[in-house]
Amino acid sequence: MRTRIVGRCVASIAVIGIAVSVVYGCASAPAKNDVGERAEAMMKSSFKAHGQATLARLDQDETQRVCSEYAERALPPATAERIEKANLDTIRYPADGNLVGDWKSGEKIAQSGQGFQYSDDPKKPAGANCYACHQLSPKELSYGTIGPSLYRFGKDRGYTDETRRYAWQKIYNAEAFAACSNLPRFGYHHILTEQQIRDVVALLVDPASPVNQ
Amino acid sequence: MADPMKIRANLVGDSTEVKVLMSHEMETGQRKDAQGKTIPAWFIQKVKVTHNDKVVLAAQWGPAVSKNPFVSFKFKGGAKGDKVKITWVDNHDDSRTDEATIA
Amino acid sequence: MRTMIRLAVAAGAAAVFAASTGAALGESTADEIAKYREALQDGNPAELWEARGEEMWKAPRGPNKVSFERCDLGLGPGVVKGAYAQLPRYFPDAKRVMDLETRLVWCMVRQQGMSEADALKNTFGDGSAKRSDLEALAAYVASQSQGIRMHVALDEPHVHDMYRLGEKMFYYRGGTHDFSCATCHGDDGKRIRLQDLPNLTKVEGARKAYTTWPAYRVSQGEVRTFQWRLNDCFRQQRFPELAFGSDASIALTAYLAGRANGAEYAGPAIKR
Amino acid sequence: MNTNRRHALKTGSALSLLTLVAAAGWLKPGEAAAADAWNKSAFETHSLDETMKALGGSSPVPSNDIVFFSTPDIAENGAVVPVGITSKVPQTESIAILIEKNPNMLAAVFDIPPGTDPSLTTRIKMAQTSNVYALVKANGKYYVTSKEIKVTLGGCGG
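Protein chains in written order, with my numbering: chain A, 1 to 213; chain B, 1 to 103; chain C, 1 to 272; chain D, 1 to 158.
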């Protein structure tokens, strides 16, 4: 009886009242996906659509699903490679080939955390909120540290076509380089417009940008 | 009706240390609500602290004093068991008086 | 004339700025922020909410004119001492795991006779004249657990199940920005802008963070509850809105409160 | 900390504008502020220019005897900025707090009767990074010190 319950423990939890020992049995049982499925169902019944944030935002794409599943353990190299390849394929480039815009506008985008929250006006342009997680211009004291410092991004890498292209790709879809990166996929999810990405690229790679001073 | 203040008055050496928290919006008159309408100014303008009917601190405030104001200061001459009385008056002429016993 | 004064002031300000921003910028910023937080500790307006909450707790309320002194938070009707440190818990009368706020609403509806809509009318104050009874009640009840060790009954099967579901939710990435709770709260020593982020995947981080809520947020001029904390995190995660008292909100609370077990409750705190 | 150096840097602007507030007459000798009517004109100085118009009276003297304590250089949020001021100027009668870049400069005036320590803490709102002035009236004369407090941005949705 005990073995049977442990083997199908999550289903059992849902059906029966369960004894303590059984619950602890579950912790080591390979039934994680079932907890995951129940958690997902619970979330879908616990969140409500609000403004632009509809319930569809809880539907995970393949990258989100895999990254959630492996959040507490190492991602197998083959899986990581598959995710990176799939995301690299999503990257689009401007038709005119121009990747670099205006760093001043890029600085404003980097400062703004507006956009896509249900409390935001969907008609207003979104920001990228770079400073929430990165150091950029040394003049801004209030920067976060979830991501690496991007101070001297262009200066350190060289003002080359390669650097500019890398900056574009990273902003467009960071999962193409590091599977399960924390950096939002600004191009892939259409968080930023093409011009906005150009401007943020400029903030990183323009020799005149405060980032490279 | 405004909520009561939270007053602490403690004898430290020969001084009475007074700490007071007041419940007040301290609205600046510069903020707008969700509909874009200016929220009218509403703030404490005058504060008076007395010990045995003697004024030990008097103040005039503008709306730049923070919401739910806090003030701490010390005066001499208080004894355990004495009362410290605090009164504030706001720009709506609403007022509130509370007292605490020196501990 | 006007321009001249402005320029003089600007030049003065610039000079001061230059003088005070030395090489060890990051460090001195952190030091000054620490000083700021310390200076706030002296007077916490949460005490005003606690006082209001205590009055509400004892007053007859709702159509039934019943006070919260009949409300059982898990330690018996009307017992508030230490109750918050053991929540969320399973309540057989409601057949549900509940956190403090959910239980308060349950008492308002079942005992005081309020409609659910009325009980849920002001779950969060608006930072201005519209105040929340629940925030005041939560501040009062939580304050009565100060210094008491967190003890969420993880050996109780329902609570344990919620804990595991909450853990799953914590790592669930989604939305337009691919965020999960772990994106910001899964590593040591990180911050957003200048705000330190507790690493909630570690017991020390969860203890330090959970035991400070509810808290007075100076940026909002309100005491905020843990329900609010979760609701606003998901807003910033670009998720839809987490419904007040929903199973997901309680599961995540059970996970984080459970991880804080053993730590002394130290709220309501004062925070940015 | 280094109020002296800071002083030297901006005495010019600080002094003139403080004179103005003093001259605007927010305090009458020997009277408790709270006993008077609320001094509307003093609390409605919107800019340096406006304060400038009221110029007159004696200039406040920069003083090392006025000290900020428990006042951080950086505020995590401008809605609540803790400020502590101690005056060692003999016969201090009142302490005022002014914020240069706020829409209205004068934040608060505290009258200090004999027997009360010329030292207090409170909390103010700051619209942005700005110089904050502690203005002291003692024995009929005005003294001043100042410090810059930076107001930082915070949060993830701001």
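None of these hints come from the bench; they were simulated from the model.
C-beta atoms are modelled at their ideal positions from N, C-alpha and C, and glycine is treated no differently.
Certain hints may be false.
[What the hints assert, rightly or not] Some residues of chain D that are not near chain C, with every Cβ distance over 12 Å (derived):
| # | residue |
| --- | --- |
| 1 | A37 |
| 2 | S41 |
| 3 | S70 |
| 4 | E76 |
| 5 | G78 |
| 6 | V80 |
| 7 | K88 |
| 8 | P103 |
| 9 | T122 |
| 10 | R123 |
| 11 | N139 |
| 12 | G140 |
[Claimed, not checked] Some chain D residues judged to face chain C by a derived CB distance under 7 Å, without partners named:
| # | residue |
| --- | --- |
| 13 | P62 |
| 14 | N64 |
| 15 | D65 |
| 16 | I74 |
| 17 | A75 |
| 18 | A79 |
| 19 | T86 |
| 20 | P114 |
Status of each hint after checking the structure:
{"no.": "1", "hint": "A37", "in the structure": "holds, 26 Å"}
{"no.": "2", "hint": "S41", "in the structure": "holds, 20 Å"}
{"no.": "3", "hint": "S70", "in the structure": "violated, 5 Å"}
{"no.": "4", "hint": "E76", "in the structure": "violated, 4 Å"}
{"no.": "5", "hint": "G78", "in the structure": "violated, 9 Å"}
{"no.": "6", "hint": "V80", "in the structure": "violated, 4 Å"}
{"no.": "7", "hint": "K88", "in the structure": "holds, 21 Å"}
{"no.": "8", "hint": "P103", "in the structure": "holds, 16 Å"}
{"no.": "9", "hint": "T122", "in the structure": "violated, 9 Å"}
{"no.": "10", "hint": "R123", "in the structure": "violated, 8 Å"}
{"no.": "11", "hint": "N139", "in the structure": "holds, 28 Å"}
{"no.": "12", "hint": "G140", "in the structure": "holds, 27 Å"}
{"no.": "13", "hint": "P62", "in the structure": "violated, 13 Å"}
{"no.": "14", "hint": "N64", "in the structure": "violated, 17 Å"}
{"no.": "15", "hint": "D65", "in the structure": "violated, 21 Å"}
{"no.": "16", "hint": "I74", "in the structure": "holds, 4 Å"}
{"no.": "17", "hint": "A75", "in the structure": "holds, 6 Å"}
{"no.": "18", "hint": "A79", "in the structure": "holds, 6 Å"}
{"no.": "19", "hint": "T86", "in the structure": "violated, 14 Å"}
{"no.": "20", "hint": "P114", "in the structure": "violated, 26 Å"}
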